[in-house]
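Just so you know, the protein sequences line up as chains A and B, in that order.
Counting in our numbering, the first sequence runs from 56 upward without gaps.
Counting in our numbering, the second sequence runs from 47 upward without gaps.
By construction, these hints were calculated from the structure, which means they are not laboratory data.
One or more hints might be untrue.
As the list claims (entries may be wrong) - Keeping only pairs whose Cα atoms sit at most 25 Å apart, straight-line, the calculated PhoX-like set for lysine-lysine is:
1. B:Lys-158 x A:Lys-699
2. A:Lys-134 x B:Lys-78
3. B:Lys-215 x A:Lys-143
4. A:Lys-728 x B:Lys-108
5. A:Lys-699 x B:Lys-121
6. A:Lys-828 x A:Lys-786
7. A:Lys-557 x A:Lys-530
8. A:Lys-348 x A:Lys-815
9. B:Lys-78 x A:Lys-159
10. B:Lys-121 x A:Lys-709
11. B:Lys-121 x A:Lys-688
12. A:Lys-811 x B:Lys-78
13. B:Lys-215 x A:Lys-699
14. A:Lys-159 x B:Lys-108
15. A:Lys-782 x A:Lys-538
16. A:Lys-134 x B:Lys-215
17. A:Lys-811 x A:Lys-824
18. A:Lys-143 x B:Lys-78
19. B:Lys-121 x A:Lys-630
20. B:Lys-158 x A:Lys-143
21. B:Lys-121 x A:Lys-628
22. A:Lys-691 x B:Lys-121
Unchecked claim - Partial list, derived from the structure: chain B residues whose beta carbon lies under 7 Å from chain A:
23. Ile-89
24. Glu-155
25. Lys-157
Think of the CB as a built atom: it goes at the ideal place given N, C-alpha and C, for glycine as much as any other residue.
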Amino acid sequence: MPNPSSLFPDSSNSSEVQDILFGRSSNRSLGGNLHDLSEAQISKLIHLKFDNNPITLIRQLSSDLTSKERDLILLRKEKFAREQLLLKLLSEYGNLSSLEIDQKLNTLKIDNNADNVLHDLIESAMDEHLNPESNPSINNRMSIKPTESYRLRSKSDQLRSPPERTSQVTSPIEVLSNTSSNSTTHNHSHNNNSNNNNNNNRSSSWLGNWFNHNDGSNENLPGTQGRPQSKSFSLQIGPFGSTSSLSSSNTGNGVNSGGGNGAESSKVPVELDSIKVRRPYEDRTPLSAGVDKFGFFNDMPKEAQKSNELLSDEEEGEEEEEEEDDDYDANTSGISESKPFISTLVETNDLEANGTYLSTSKAKNTVTSLDTLKQLSRMHDEKSKQYEDEWETFFKSLQRDYYYSSNKNKVKIENIPEKDQNNTFNSLYSSANEIFGLKGLNLIKLEKIINKQQPHHHVGHVPLSSDINSTSYFKKLHKLIQKMGIPPKYRSQLWFELSGSKNLKVPGEFDRLYNLSISSVNDPLIESNINQVNLDLHRTMPSNIYFNDVVNSQPGPNYYRLQKILYAFVVYKPKIGYCQGMNKIISNLLLGGGATAASNNEEDEKWSVNLTEEDIFWIFVGFIDELLPTYSKDFKDYNFFDNKSLLYIGIDQKILSDVYFPRFLPNLRKHFKTLNIQIEYITLNWWVSIFTENCLPIEIWIKFFDNFLVSLNVEILFFSISLSLFKNFEKLLLSISNADDIYLIMKNLNQNNSTKSNLKYSELMQLSKSFEKKIDGQEIESLRMMYG
Amino acid sequence: MSEAAERFAQFKLVLLGESAVGKSSIVHRFVKNTFDNMRESTIGAAFLTQSVHLAESNTTVKFEIWDTAGQERYKSLAPMYYRNANAALCVYDITSRSSFSKAQDWIKELKKQAPEGIVICLVGNKVDLKDEREVDEQEVAEYVEELNQEQSSAGAPAGKVILAECSAKSGDGVLETFNVIARALPVEDAVGGARNRQLRNKRSSGVDLSRGRQQQQSQAASSCC
Ligand SMILES: Nc1nc2c(ncn2[C@@H]2O[C@H](COP(=O)(O)OP(=O)(O)OP(=O)(O)O)[C@@H](O)[C@H]2O)c(=O)[nH]1
Ligand SMILES: [Mg+2]
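I would like the entire structure built from these sequences, with the hints used as guidance.
Right, here's the structure in full:
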């Protein structure tokens with residue numbers, strides 16, 4: 056295990072990396088560091104890219120310069136106008152005199168050491184959240200699977216520069232480079248290796264995948280004879296993303312000229328922001344700069360800023376913990392194999408840097424040594440591989456037992472078709488209709504059958520893995536899910552079964568319901584619900600590219616899915632109807648298990664079934680109908696989302712704040728009491744939105760949803776999660792002596808970076824488990840009677 | 047209490063009104079001076095704070111703002127938020143008649159249930175959509191006047207409903223509305239000198255479900271030093 060602190064070298068260290076990327080000269084205005092190339096490299100470049108005609112190169116350089124200058128002029132003008140406006144606003148709304156403003160401004164010092172500035176820019180690029188509207192790079196790098204009739208148009212198609220235009224300056228700071236020296240060839244060999252590895256090891260990094268793509272693309276380049284000889288590298292610095300809006304025709308594709316059409320997707324430049332994207336298992340095409348793996352624009356919502364500032368003030372000391380243990384949340388994107396690119400780079404002074412910057416969510420000190428990163432990513436990969444293996448083993452023994460139980464011992468293990476043996480999960484599905492059943496309860500039935508057959512069980516066959524044998528399948532499933540959630544490749548199948556949707560789903564019913572909802576709305580109840588749905592559709596995940604395609608200023612594909620699901624649901628359960636909060640839950644389900652969660656890895660494609668909106672509908676129905684807590688009063692059962700339930704949910708909050716909070720978190724409760732804080736104002740929102748609203752970040756929520764599906768007492772889980780969230784931030788909260796600030800923090804958990812990065816699935820789960828053990832369902836019942 | 051010192055008072059303000067009339071948008075215009083279409087609908091209630099400075103009395107008034115969800119079914123939660131509020135913004139959308147009658151309902155409810163002396167402001171939002179106006183300004187003015195007359199004939203002291211229009215989108219009237227509310231609040235009762243400011247910061251006038259009307263009243267009084 057590497058020492059965490061070594062991951063974050065100080066700035067002096069990282070400026071070394073900078074030098075490699077940007078050249079040692081401070082004048083890097085144009086074409087990256089062409090001037091740093093050896094003469095041989097430059098002539099090679101002229102030969103390859105400019106048809107041996109240096110004049111073309113000069114022309115290109117000059118035009119780059121001009122366009123950059125134009126950008127700067129426009130930028131300066133815009134900044135000036137903004138400044139004027141801000142001054143006006145400050146005096147109008149901030150009640151600040153111009154003297155005060157001047158005083159403040161005078162304290163501002165611009166570092167005139169360009170290296171330092173660059174270093175800061177890189178850091179903020181990784182940290183910074185691009186403003187989607189001002190970032191046209193989204194246009195260029197969108198790569199979303201076509202869905203139904205809907206497809207996000209990639210503007211890069213239209214904007215792609217003609218082949219002879221070899222480089223386009225996309226932003227004030229961009230490194231373009233291209234070399235094709237023979238000396239670099241051997242360095243690519245490991246790249247090809249990793250290509251193979253990638254297929255075997257699904258969890259290997261997407262970054263590696265990207266590079267492999269790039270290799271492939273190079274094969275299409277004329278004159279490369281299938282050997283990756285030329286590489287392109289372009290780097291954009293986040294904060295300048297906005298400035299590139301000034302130049303309309305940039306593609307950001309760097310010097311990768313003459314590429315065949317097949318190489319389109321590979322032309323994505325290495326973007327600091329996209330590297331930040333967390334990728335656990337899925338190998339997906341990097342979406343775009345400024346968009347994370349779930350399609351959210353990396354734009355910190357404005358409401359969070361205040362509490363964010365607040366946190367960074369008060370929490371500085373608590374941020375140094377490393378998160379390398381947390382496999383899912385580790386921000387390590389692996390760099391495929393053997394030699395890291397950067398060292399190659401140092402040796403050969405080759406320019407094919409691969410921009411392998413990573414950032415942690417605590418991206419304060421982020422520019423990292425690639426060796427360490429590589430090591431980290433390998434650890435990460437290993438751990439997730441290990442975890443997948445555990446599931447695989449689990450499925451294997453399940454499969455075997457299903458064969459025995461369903462075939463009354465007639466089938467021997469040798470008779471299981473070979474393909475099924477290799478493809479455990481799928482064969483499970485061909486051999487049995489429902490393996491897990493609602494909440495995984497079928498596993499208990501299976502165990503009973505097996506126990507009866509026990510005497511014959513082992514005869515002549517591979518013994519069951521002791522691990523599985525010792526614990527029951529049912530418990531094992533719980534344990535596995537608690538550990539790290541359901542692996543993405545199994546998720547859609549398991550969601551479908553565990554939620555009971557497999558039984559609920561009636562073929563054609565979804566479409567029928569939807570058609571009903573849009574054709575004959577005579578029922579005023581349904582109508583009013585549909586009206587509310589309509590009010591909320593465009594206000595659901597507006598900062599997610601799948602819901603709000605800002606590029607083409609039209610709704611994204613998930614907008615329509617959400618609409619269909621909600622419309623159908625309102626007709627399916629008119630009594631429950633639509634409740635604000637459902638939109639959030641369905642959106643999370645769509646992002647977590649739906650078509651947009653698709654992987655572009657063929658291997659994964661086989662495993663994971665992309666859930667359609669119809670499937671998500673039934674999963675949602677199953678969740679609402681079978682899994683969420685119900686409230687009973689006067690011998691009537693009320694669904695969690697029933698109008699009447701709100702009262703009882705409120706009572707549960709009272710129980711939480713009056714009984715469990717003081718019992719399990721006495722210090723915090725004392726603190727809150729002196730500040731006159733009532734946690735109901737915080738927790739009620741969590742409950743009615745099932746922890747989606749300003750609460751758990753989606754990647755964590757999905758894993759908790761996995762847990763909801765196998766939980767035998769969801770309300771206890773709700774109580775425990777609520778307590779865990781307070782426990783998780785206990786230290787911080789105890790240090791704050793202002794009630795407003797505490798509300799701001801706890802009511803924006805997934806909205807501001809400092810709290811968000813301090814939410815880890817494994818830690819929360821650990822806490823939650825400990826509370827779960829101490830909470831008794833019977834007691835809740837009697838408390839409800841008391842408070843009701 | 048020294049005369050020159052800046053005074054500081056904190057009040058709890060709640061926003062009520064039909065879904066999508068623009069409550070959250072108004073709050074965000076007030077707090078961040080922004081308007082964007084990336085706004086999510088509110089679930090439960092959101093919380094924000096913002097201060098205004100009243101130059102004439104050298105007083106800073108800090109609002110704790112509770113922005114509630116407008117969907118009808120969340121209506122039953124509203125008392126939790128207005129029960130100990132000092133001010134309420136009943137928002138309607140000038141392009142929607144139904145939202146106006148909903149706002150009237152809220153005023154009725156507040157008059158019955160909310161703490162006495164709560165400052166109520168009836169705000170018509172989206173005035174930038176003039177062409178789609180469904181709620182007549184004149185009509186609203188008459189309604190409010192009638193309401194305020196009832197009030198004074200009933201012998202109640204303050205408690206006049208404030209009338210305002212604004213546009214969260216253009217920003218017109220938003221800050222003005224909050225300024226008017228700040229002036230209508232019993233700042234004199236609630237403020238202290240600079241010494242009190244610290245104290246206030248520590249001890250939020252916050253939220254207490256159990257605190258009744260009586261205590262509510264004495265709270266304002268007791269916070270005067
Ligand atoms: N034209 C115009 N549109 C506005 C204005 N204020 C809000 N809107 C729009 O009205 C819609 C609803 O605004 P919200 O602020 O979310 O409404 P809300 O009252 O908070 O709604 P709930 O959270 O559901 O209670 C959004 O699409 C806004 O963009 C305005 O002043 N002018
Ligand atoms: Mg709102």
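Quiz prompt | Hints the structure fails to honour | solution = Violated hints (numbers, rising): 13, 20, 24, 25; every other hint is consistent with the structure.
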